[in-house]
Structures are given as C-alpha cells and as structure tokens.
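Q: Since the structure of chain A is already known, use the hints to place chain B on it.
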Amino acid sequence: MKDLTQQILNGDIRSIARAISIVENNAPLKEPLLDELYPFCGKAMIWGITGAPGAGKSTLLDRIIAAEREQQRRVAVIAVDPTSPFTGGAILGDRLRMQRHALDSGVFIRSMASRGYLGGIAGATRDVIKVFDAAGYDLIIIETIGVGQSEVEVVSLADMILLVLVPGLGDEIQALKAGIMEIGDIFIINKKDREGAVKLKTEVEYVLRFKNESSAPPNPVIMTAATLNEGIAEVIAAAEQYFQYLTDSGQLEQRRRQRLRQEFYDIVLTKIQQVVENHYNLTQKVERLVELVVEHHEKPYALIEKHLNSILKEIEQR
Amino acid sequence: MNKKLRILIAKPGLDGHDRGAKYVARALKDAGYEVIYTGIRQSPEAIAQTAIQEDVDFVGLSLLSGAHNELFPRVVQLLREKQASDIIVFGGGVIPESDMPFLKEQGIAAIFTPGTSIAAIIEFIEANRPRVSH
Chain A
11 MKDLTQQILN GDIRSIARAI SIVENNAPLK EPLLDELYPF CGKAMIWGIT
61 GAPGAGKSTL LDRIIAAERE QQRRVAVIAV DPTSPFTGGA ILGDRLRMQR
111 HALDSGVFIR SMASRGYLGG IAGATRDVIK VFDAAGYDLI IIETIGVGQS
161 EVEVVSLADM ILLVLVPGLG DEIQALKAGI MEIGDIFIIN KKDREGAVKL
211 KTEVEYVLRF KNESSAPPNP VIMTAATLNE GIAEVIAAAE QYFQYLTDSG
261 QLEQRRRQRL RQEFYDIVLT KIQQVVENHY NLTQKVERLV ELVVEHHEKP
311 YALIEKHLNS ILKEIEQR
Chain B
9 MNKKLRILIA KPGLDGHDRG AKYVARALKD AGYEVIYTGI RQSPEAIAQT
59 AIQEDVDFVG LSLLSGAHNE LFPRVVQLLR EKQASDIIVF GGGVIPESDM
109 PFLKEQGIAA IFTPGTSIAA IIEFIEANRP RVSH
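Which chain is which? The protein sequence lines are A and B, in order.
For the first sequence, our numbering assigns the number 11 to the initial residue and increments by one for each residue that follows.
For the second sequence, our numbering assigns the number 9 to the initial residue and increments by one for each residue that follows.
Hints may contain errors.
Think about it this way: if two alpha-carbon atoms lie no more than 30 Å apart in a straight line, the pair counts; the simulated BS3-like pairs of lysine-lysine are [what the hints assert, rightly or not]: (1) Lys221/A with Lys187/A; (2) Lys12/B with Lys30/B; (3) Lys12/B with Lys140/A; (4) Lys90/B with Lys140/A; (5) Lys90/B with Lys53/A; (6) Lys40/A with Lys11/B.
Don't read these hints as lab results, they were simulated from the structure.
One chain only, chain A, in its complex shape:
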C-alpha cells in the first residue's frame, strides 16, 4: 500500500483512479489508505457546483475548467449522477460536456453514482476529495446531481458553493425559501439569453439583501450563457475574490473545521452502528420487537428503552 500512496502522491493517474474505487467500494484498504494520504491533504481549494437538473452545471464547469487551465491550475472534477433506486444502475453523463479536457494531463474527471446516498452527492465523495487533494490538484470541483430544494449536503464538503439558477422556475418566493438558496456563495444565473433572466437576477439580489450581514461583501450574482461562453471570466473573478474574502475573514478555517467535526460525527456513528449490527444481532432483535408490538400490543417506546438498556449492559460486560 505504501507503493499506492507514493504513486498517488506522484500524481499517477491509474493509481489515483484505483484509489478512488477503493474508497468508493469501501474496500478494506480504504481506511489505512486515507490515513496515509491525510498528512498531504489540505492544500486544495474545494468548490461545489449545484443547481437544478439541466441548469447547465456541466457546461459551465467545462468553461470553468478551461479558464482555470489558462492559469496553470490543475483541476479535478467529481461529477455525481443519480443511481437508479430500482435497478442500482446509473448513467453517468456529466463528463460528456467536459470531454474536450480528456487528454489534458492537468485535468482529472471522475464520475460517481450516488449509490443510494441522498443529499445530492455520493456517500464516498468526501473521501474522494482527499485522494485528489493528496495527489496535488489545486482546485477540486464537486458537481452535484441535479438538485431540488433540500439536497444541500455539498455545503458540508466544499469551501465555497456556486449555485446555478436558470430563469423560468418560479418567483422570488422560491428564492426566499429555506434550503438550496441558503447555501450559495456565488450565484450564477445561467441561460441569460432566455426570457426572465434579468428579472431573476433582480429577485435573487433582492432576497440576498435580507441575508447579508453588513460587514460581509454581498454574494456575487453573475449572469452567464455557458454554451456561448459568456460571463465565465466574471464568474472566475467573483469566485476568486469571494474565496479571498472567506480566507481573510477566517470563515474558510471555520468551514473546514466544521467539516471535520461533521465528518468525525458521521464516522463515529457509522462505526457504532456497525458494531451494534455485527455483534448484537440487531436485525433479529428488531424482528422480535416488531412481533411483540404487533402480536402482544406492547408499547414501542417503552419496549425499545428496555432493550436499549439490555444492549448497553451487554456492552459493559464485554
């Protein structure tokens, strides 16, 4: 495994790709590998790009990659598409719009299926970021699946969020609601050549004025037409400026610490769940509880409380 780690640090494409699969498949090698890579993480800038299906995320991303490459930045993209809840299969088609970068050795695009994970990303996305970070990519961009109102989990993975909006999806009340509108740092109004784009920009700015604290710079709202390559330079400039603000104000540090905190929570809880499932025959026990409730009309909460106590005792005695 030392070899694999070294190859990743050297930027070897095949090794990086393999490591991502190890992480994605939750293979036994995953945990030691990530621990070995961890000391080399933390240098990359991590952006999330999110928005409704068909908003133009992949096309915008294609343009952003091109612009970042002009500045010699090495870019890694994690493009997430949904897994079918019916068959477990997936069509991963985001990279189609970015394929002109396929032969650029400074660009690595990896498609991920959500594999049942909700929230707009894949469960392993967080760890895939680490592989790219250790491999020395300067900018890592996560493209979420096309999201609705509440799939905002990308905010817990990225330093900064680019939210892509398009005209024609509702009035300013939609922009007032909780959820997706709250996670944007940079707001992109794509398809600006379409009717309603200017109105949408005004509405978004109107709503954002409620949110901004006086000391913070306003969230940039940029109009683009990705297919026409319009507005891209403005997006890059706004993103860089805003990232600088996040850095200088200490918010970046805060976000990263919060991210780590959340990650530790998740890992600890997952581990506890695994222990319980592996050692205490949870499935069997739940089956018995269900029977007691259905057949003998026991009270669910009281019953669970009793059994929880017995599980905890069992743990103590070990």
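A: Frame of chain A, contents of chain B only:
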C-alpha cells in the same frame, strides 16, 4: 455483495449515429451497471484516458462508419501501453463477419452486431465478472 461494475460506452470515429450506443447504455443501466457515457466523436486516446480515470471494468465501443479495424485495436493498444490491459474491450455496430477474427486477434473480447439481444451482452459481462473483480 457483488462489486459494482463500471462500463464505459464510447463512440470512436466520425459517424454520429449514437442510437445504438445510447440504447446499450440505457439497457446496461437497467441491468444495474454504472455506465459512463461520453458521446460521439471520441478519439481512441480520449477513450483510453477516460477508461483509466473512471477505473472502468469494461469499454464498449460503438462504430458504424467502417473504421472499426483501425480504431478498435487502437483503443486496446493504448490501454496496454498504459498498463491497463485488464480492462476488457468489446465492440458493436455494423461490422462484417469477415472482420471479426481480426478484431478478436487484436484483443477485442466480443463483437455485438445489430439485432443482438441485451441479454447476450449482459451474459458476456457476467461471464467476465471474475476476471475484473480484483
């Protein structure tokens, strides 16, 4: 649990007839595989590089222009050069019977011509599962 198999469906060459490739991509998704679809007019170099970045188990090439004798073996050769000969390459499209021995010899594991049932492709993939489940 079985490893989730990843399959790249790509169209090398200059023809734009992607209905077959899309049909196969969709059907393989319905069969439970993760299918990466890159669209038309891909160079063999881009296909090989994509296959490696995506760490796929199979590459399915679709071609209707007649350039299969050039482009299919080129993909296999590039994968070999990049130490990725474990990725299994198969092909489909309008391919004359007489070209098949040559393509097989060049390392194309299977050729599926129009009229092939999806079941046959899935059977081929499953038969090769032990080879790619490293």
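Q: Each hint needs a verdict: does it hold in this structure or not?
A: Structure-based check of all given hints:
{"no.": "1", "hint": "Lys221/A with Lys187/A", "result": "12 Å, holds"}
{"no.": "2", "hint": "Lys12/B with Lys30/B", "result": "20 Å, holds"}
{"no.": "3", "hint": "Lys12/B with Lys140/A", "result": "22 Å, holds"}
{"no.": "4", "hint": "Lys90/B with Lys140/A", "result": "24 Å, holds"}
{"no.": "5", "hint": "Lys90/B with Lys53/A", "result": "28 Å, holds"}
{"no.": "6", "hint": "Lys40/A with Lys11/B", "result": "15 Å, holds"}
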